[in-house]
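Asker: Residues per chain, in single letters:
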Amino acid sequence: MDKFKEMIAHRHEYAKAWKARTGGKVVGWFEPYFPEELAYAAGMLPVRVLAEHETDVITDKWMYAACYPVRDIVNLILRGRYDYIDGYVTVEGCQWMFNAFEVADNNKKAPFTHYLFLPDYTDAPTSKDVVRSEFEVLKGKFEAWTGKEITKEALDNAIEVYNKNRRLLRCIYELRRADSPALLGSEAMNIVLASQVMDKAEMNQILEKLLDELEDRKPVGDKIRLMLVGSETFDSRLEELVESLGGNIVIDELDTGSSYFWNETYPQRDRLMALSLRYLGRPHNPIKDSNWRRRPQHIFELSEDYHVDGVIIAKQIYCHLHGTDNYAVWKLLRERNIPFLFFERDTGLPEEDTELRLEAFMNMLRPGLTRLVGWHKAMSL
Amino acid sequence: MTKEYGKWPESGWSSETIDWKKAKRVAAGIDIGTTSTQAAILCDGELFSYASVRNGASFKKAAASALSGAMGSTGLSQKDIHASAATGFGRKHAPFAGTLLDEVHCHAKGARFLFGPEVRTVVDMGAQSVKAIRLYDWDRVRDFMMNDKCATGFGRNVEIICDLLDVPITEIGAKSLEVDSEPEPVSTTCFTFALTETLGLFGEPEFRAAPLTLNEVYASYLFSVAWRVLGVVGKLQPLDVGDIKVYKELAFTGGLAKNPGITKRIESELQVTALESKYDPMLAGAIGAAILA
Chain A
1 MDKFKEMIAH RHEYAKAWKA RTGGKVVGWF EPYFPEELAY AAGMLPVRVL AEHETDVITD
61 KWMYAACYPV RDIVNLILRG RYDYIDGYVT VEGCQWMFNA FEVADNNKKA PFTHYLFLPD
121 YTDAPTSKDV VRSEFEVLKG KFEAWTGKEI TKEALDNAIE VYNKNRRLLR CIYELRRADS
181 PALLGSEAMN IVLASQVMDK AEMNQILEKL LDELEDRKPV GDKIRLMLVG SETFDSRLEE
241 LVESLGGNIV IDELDTGSSY FWNETYPQRD RLMALSLRYL GRPHNPIKDS NWRRRPQHIF
301 ELSEDYHVDG VIIAKQIYCH LHGTDNYAVW KLLRERNIPF LFFERDTGLP EEDTELRLEA
361 FMNMLRPGLT RLVGWHKAMS L
Chain B
1 MTKEYGKWPE SGWSSETIDW KKAKRVAAGI DIGTTSTQAA ILCDGELFSY ASVRNGASFK
61 KAAASALSGA MGSTGLSQKD IHASAATGFG RKHAPFAGTL LDEVHCHAKG ARFLFGPEVR
121 TVVDMGAQSV KAIRLYDWDR VRDFMMNDKC ATGFGRNVEI ICDLLDVPIT EIGAKSLEVD
181 SEPEPVSTTC FTFALTETLG LFGEPEFRAA PLTLNEVYAS YLFSVAWRVL GVVGKLQPLD
241 VGDIKVYKEL AFTGGLAKNP GITKRIESEL QVTALESKYD PMLAGAIGAA ILA
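Going down the list, the protein sequences come from chains A and B. Residue numbers for the first sequence, in our numbering: 1 to 381. Residue numbers for the second sequence, in our numbering: 1 to 293.
Some hints here could point you the wrong way.
[As the list claims (entries may be wrong)] Quick look at which bits of chain A chain B covers, simulated, 3 or more residues with Cβ under 8 Å:
# : stretch
1 : 336-346
2 : 357-364
[Stated by the list, open to error] Far from chain A by the CB rule (all over 12 Å, computed), these chain B residues:
# : residue
3 : Thr74
4 : Gly88
5 : His105
Because the hints were derived from the structure by calculation, they are not lab data. Glycine is no exception: its CB is placed at the ideal position from the N, C-alpha and C atoms.
With the rest of the complex left out, here is chain A (with noise of 0.2 Å):
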């Protein structure tokens, strides 16, 4: 399991020899609605760039008050971490990702960029349309970029890497439903992460490998189940101080958790379109649901698939979609009386200060501090 973790802290080593391989480009995306399948299908290896928390001096003249993540983004790619991506594509979003995009752009020239929009109303009848139009622009210029036709076989087989990648994702994902899990929190977290950096098809053997082996691995035991909602995470480190604290973390809604391969794309003549449909129809993220709030549904009945005993809300401090979608998440956690954890987080997680809370959020829902020490004697007061 620690391969994947590795792997993260590796991803760049994993680019660049992915480029020395193959000769190929890699793409980097910031938001999750960016169309992966069309890079793969023109033969590009599309990486989602992460935020690492290293230490930053050089963004506070463009970027103050963001949210840390974006921040550590421009920094990491100022500083060229990042130097092997051949091209950035972001998706209307947020705007503080945005801002990121065309800070690490005006500083930082790479040889490819693009801006692909995408309605914040995600539900709306014309929606599709605009989106399919705007993925026929992004495969135009992937096709004039790197010289080569995006044929409907390259499109289907994507498709199709893409799918499986999903799908057995969701199968590591249903085994945490299990009431002793076979994985962590953390270890699923970090196979997640892993898969938005990797080749689809490598990944794809490396789960089908891991989800043999994990038919005979022994469960974790009993631990207080939860769930994680929040701002995007980069890697584990809140799961695994939930782990360290007897807790574990079944299930998540977040943009870089379940709510990136959550949905398939089902195939129809109009590739483009059945790609629109796809990304229209991943769970909502706060900014694409403003209108319909099916967010927080979707979060109750991830949270009632996954038995889950209390919910954690971890936002990133400045994230002002989650800032402002919360309310309601916290409105419907309250009417079905589901306990949550709330408390802001950047991605350097404050552990002492995160620590207590979620000690004291775990105790509330352990039944062992229910005993009645001491209570016959409160009443006698």
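Position chain B relative to chain A; hints supplied.
Answerer: Positioned in the frame of chain A, the structure of chain B alone reads:
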């Protein structure tokens, strides 16, 4: 500064009616906060003794000092204690503690011990943090909220302002209530801002129709503290959705609970009367730890 105005005096007490030698279970709880430490000893669930001491540079020394203060001259020694637990910011610095516990549960338990089983909402206002805790009517925590990184240091800032204004911490609250009308509060965003703004109130008499009296300055500052606490309390799960009396059976714990300038303003905003206890509300964490040990 020749005199320290911002510190609560150290205290200690032991029961004259309880004989610890006859107790089946002697339990000790210690609450190591950021500026002060409390130790409490329970004999068969009854409060036998306690001590409250100021921290120095070492949590470890403060913990040892509080525990020995609680044992005092009762003849009790560490080996006679059957169970012990530590809580608070410095809880990891109590090597003698058998269990480490979170503050939320300790304060909840302690508040019900001190204020009675009807407590449903606990607001713990310490030197470093504020916790609002909602309890079920049975013995279980239902929800809690803590202040974020911004606005930490509630209690410590009140101590600093007392030192700066040369007003004893035991008096600032009552004096702040001796005003004809509530003045405009100072900044509620950050206590550093609140502090400088409070000092600034002395420097601008020419901009006011009538200069603020000292009591009005205290009121202006303490209202900003109360307002910040209300922000934390307001995020709690309501007792019943749609029930307007959501903050009833309220108990204050921690050092700021002894400051009526803060508690009365919170009560007034929430339209409740807080429960009272014959014991020092600073002891809630230590007593809760002793119960749960």
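Asker: With 12 Å as the threshold, tell me whether B/Gly88 passes as away from chain A on beta-carbon distances.
Answerer: violated (10 Å)
Asker: Minimum C-beta separation from B/His105 to chain A exceeding 12 Å: can you confirm that?
Answerer: Given a closest Cβ separation of 5 Å, the condition is violated.
Asker: According to a criterion of three or more residues whose C-beta lies within less than 8 Å of a C-beta of chain B, is the stretch 336-346 of chain A covered?
Answerer: Coverage by chain B holds for the stretch 336-346 of chain A (4 residues, Cβ < 8 Å).
Asker: Please verify that the nearest CB of chain A lies beyond 12 Å from B/Thr74's CB.
Answerer: Non-interface label on B/Thr74 holds, nearest chain A Cβ at 20 Å vs cutoff 12 Å.
Asker: Count residues of the stretch 357-364 of chain A with a Cβ under 8 Å from any Cβ of chain B, then say if the count reaches three.
Answerer: holds (count 6)
Violation of the numbered hints given earlier is confined to hints 4 and 5; the remaining hints are satisfied by the structure.
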